[in-house]
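> As a plain string of letters, each chain reads:
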Amino acid sequence: MSVPRPTIRVKRAFGMAVQGEAVVSEEGFSPRYDLDRWSGVITRPGHKLEGINIRDKILFFPTAKGGIAAGWAFYDIKAKGIAPKALIFGVTNPVMVQGAVFANLTITEGWSRDPRECLKTGDIVRVDPQAKTIELLKRANG
Amino acid sequence: MKLTAEERAMLRGKRGEPVRRALELQIEVGRFYGAKRCVPVTNVHMMGDIEVMGDGGLEHLRRLARSGARCEAAVTTNARCFDFAHAERLGQDAGEAAKERRLIGYLRQMNVMTTDTCINYQTLYQPHFGERLAWGDTGTVIWANSVCGARSNFESGPFALAAAMTRRVPEYGFHLDAHRRGTCVVEVDADPGDLAEWGALGKLVGESHQSYFAVPVFTGVRRAPTADELKHLGASLASYGSMAMYHMVGVTPEAPTLAAALGGNRPKERMRITRADIERVFRSYENPDGSCNFVVFSGPQLSLLEMKRLAELFDDRRVHAGTTVFVTTANGVLSAARALGYAQKLEAAGVTILEGVCVYILQNLTRMRAANGWANMISNSAKIVNTITAHKFNTILRRTRDCVDIACTGVFR
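Same order as they appear, the protein sequences are chains D and R.
Counting in the working numbering, the first sequence runs from 1 upward without gaps.
Counting in the working numbering, the second sequence runs from 1 upward without gaps.
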């Protein structure tokens, strides 16, 4: 028998349903201060995801960092073709939400269980903003 | 969300496509936060420069301007990434400077006042109690909410612009009484003096309570703080903690008493900040190579009072050979500082005054750092000590007088 696959319920959500590869971060995120906005690679020295490319990924972050700049940043990286598919936050702020809405990127806030406990980077997940759920579709190694 | 007849007409395109799209975007964010309605705003402050918006944002502005978009509410702009008078000498990119000029043109075409200051509240507009705003730059928002008792969320560039076109914002976050109540209590047993000490206080509280919806209540402040002290405290709280509001009992308008500031909330935490805690902040910075050739007074831009004090501290002194000192301020402040002779004193000492910018957002800063061999940045601003690390600086917070001494002697202390 297969083990039931975890589903996370989120509190708030915007955007289209998407599926893709999860990147689960221990650390918060700022598109301005952590990201190389030309390559899509997280370049801030010492960031837990340093070296990871965010393009087409579903990104899980416990918190949002940074100030007002995120409002433009997502739109710019989407125009450059290096945007992630979705941003999944434990706690976020209005600037991240505004930035995602402006760029038409899926974003959610709040989670019924901590993704760091039930998901791994590389897992394939589906985010459904309408249903406010995140579903594990396939494990990274299986 | 409950929309008015006017808002429904806007969504049908009665006031044109740019307004329709602006309101549509605002409503999506309102829905996300469960806003029940929109509320009118009287003043807008937006962040928009080529460094922050990139080519994608520039193209968006070009299309908006060409489609006849026009701001109806008074709207000013935040500090930007070029002071054109210094761009070449700083080794900034000519192509990006040309884009910045086009960007400014599009904004003016849309009825935006390109004032280029992050201290609009000290130089351009003083909101009144309860006034609804759509301000960008976190330091301006935390000032408006805390010191003025006005109401604003963090509004990023595209959303400030949207609010300027629609003259409204969705009512969520700090527009609602429920989010303005204190969530934690901070007893200040430290008598902060220098601006850097107020910034250090903000760092201690912000770093340990990182949340947009955290509202610290400061008690025990033993003397009336100055506007610049509150400016540095707020900018630091917003930078380290992503916070948009604080109370200070007996000082800020929604905190005549601790009970009033909490508004019935049971504080999640009580913390005490002592003199030893503040001293520990200053001792926490390392200077691995001992260099100190880059000293910055910026983030937020300096008020006229700060310019006067710096001019006094630099009077009859010279910046040490090989050291660069940047001061940033707003056009109006610089004009007054020239009329009063403060700017000349600073320049005679070898200080570079940049207008309409902030150091940490300067275009090409990472390359500028490498080209000039600036390993460490020393500043009296806790905010910039935090934000500029994105450009791979090692940063060190020092009191204003110590910054001036370091700048003039070339000796780190």
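Fair warning: there could be bad hints in the mix.
Unchecked claim - Calculated lysine-lysine pairs in the DSS-like style (CA-CA distance at most 25 Å, straight line):
1. D/K57 with D/K78
2. D/K132 with D/K80
3. D/K80 with D/K11
4. D/K11 with R/K2
5. D/K120 with D/K11
6. R/K99 with D/K11
7. D/K85 with D/K11
8. R/K392 with D/K11
9. D/K57 with D/K132
10. D/K78 with R/K99
11. D/K48 with D/K120
12. D/K80 with R/K99
13. D/K120 with D/K57
14. D/K80 with D/K138
15. R/K99 with D/K48
16. D/K48 with D/K85
17. D/K78 with D/K132
18. D/K80 with D/K57
19. D/K132 with R/K392
20. R/K308 with R/K268
21. D/K132 with R/K268
As the list claims (entries may be wrong) - Restraint ranges, calculated between C-beta atoms of paired labels, are given here:
22. D/A17 with R/G322: 52 to 62 Å
23. D/A17 with R/F84: 43 to 53 Å
24. R/F84 with D/G51: 13 to 23 Å
25. R/S335 with D/G46: 35 to 45 Å
26. R/R270 with D/E135: 53 to 63 Å
27. R/A321 with D/G110: 31 to 41 Å
28. R/V411 with D/R139: 33 to 43 Å
29. D/R116 with R/D316: 54 to 64 Å
30. D/R116 with R/D277: 49 to 59 Å
FYI, nobody ran anything at the bench for these hints, they're computed from the structure.
Even glycine gets a Cβ: it sits at the ideal position worked out from N, Cα and C.
> Straight-line Cα separation of D/K120 and D/K11 no greater than 25 Å?
21 Å, holds
> Run the distance test for D/K85 versus D/K11: straight-line Cα separation, threshold 25 Å.
19 Å, holds
> Hinted pair, alpha-carbon criterion (25 Å max): D/K80, D/K11. Please report holds or violated.
30 Å, violated
> Quick check on a hinted range of 35 to 45 Å for R/S335 and D/G46, using CB atoms only.
42 Å, holds
> Quick one, are D/K80 and R/K99 close enough, alpha carbons at most 25 Å?
17 Å, holds
> Check the hint pairing R/K99 with D/K48 against an upper bound of 25 Å on the C-alpha distance.
34 Å, violated
> Against the 25 Å threshold, does the CA-CA distance of D/K80 and D/K57 hold or violate the hint?
Distance of about 15 Å is within 25 Å: holds.
> Does the alpha-carbon distance linking D/K132 and D/K80 stay inside the 25 Å limit?
Cα-Cα ~28 Å, so violated.
> Hey, D/K80 versus D/K138, does the alpha-carbon distance stay inside 25 Å?
Measuring from Cα to Cα gives roughly 29 Å; hence the hint is violated.
> For R/F84 and D/G51, compare the CB-CB distance with the range 13 to 23 Å and indicate the outcome.
Since R/F84 and D/G51 have Cβ atoms about 37 Å apart, the given range 13 to 23 Å is violated.
> For D/K132 and R/K392, compute the direct alpha-carbon distance and say whether it is at most 25 Å.
38 Å, violated
> Measure nothing beyond the straight line between the CA atoms of R/K99 and D/K11; if it is 25 Å or shorter, mark the hint as holding.
Outside the cut-off at roughly 40 Å; violated.
In terms of the numbered hints stated before, the structure departs from hints 2, 3, 6, 8, 14, 15, 19, 20, 21, 24, 26, 27, 28, 30, listed from lowest to highest.
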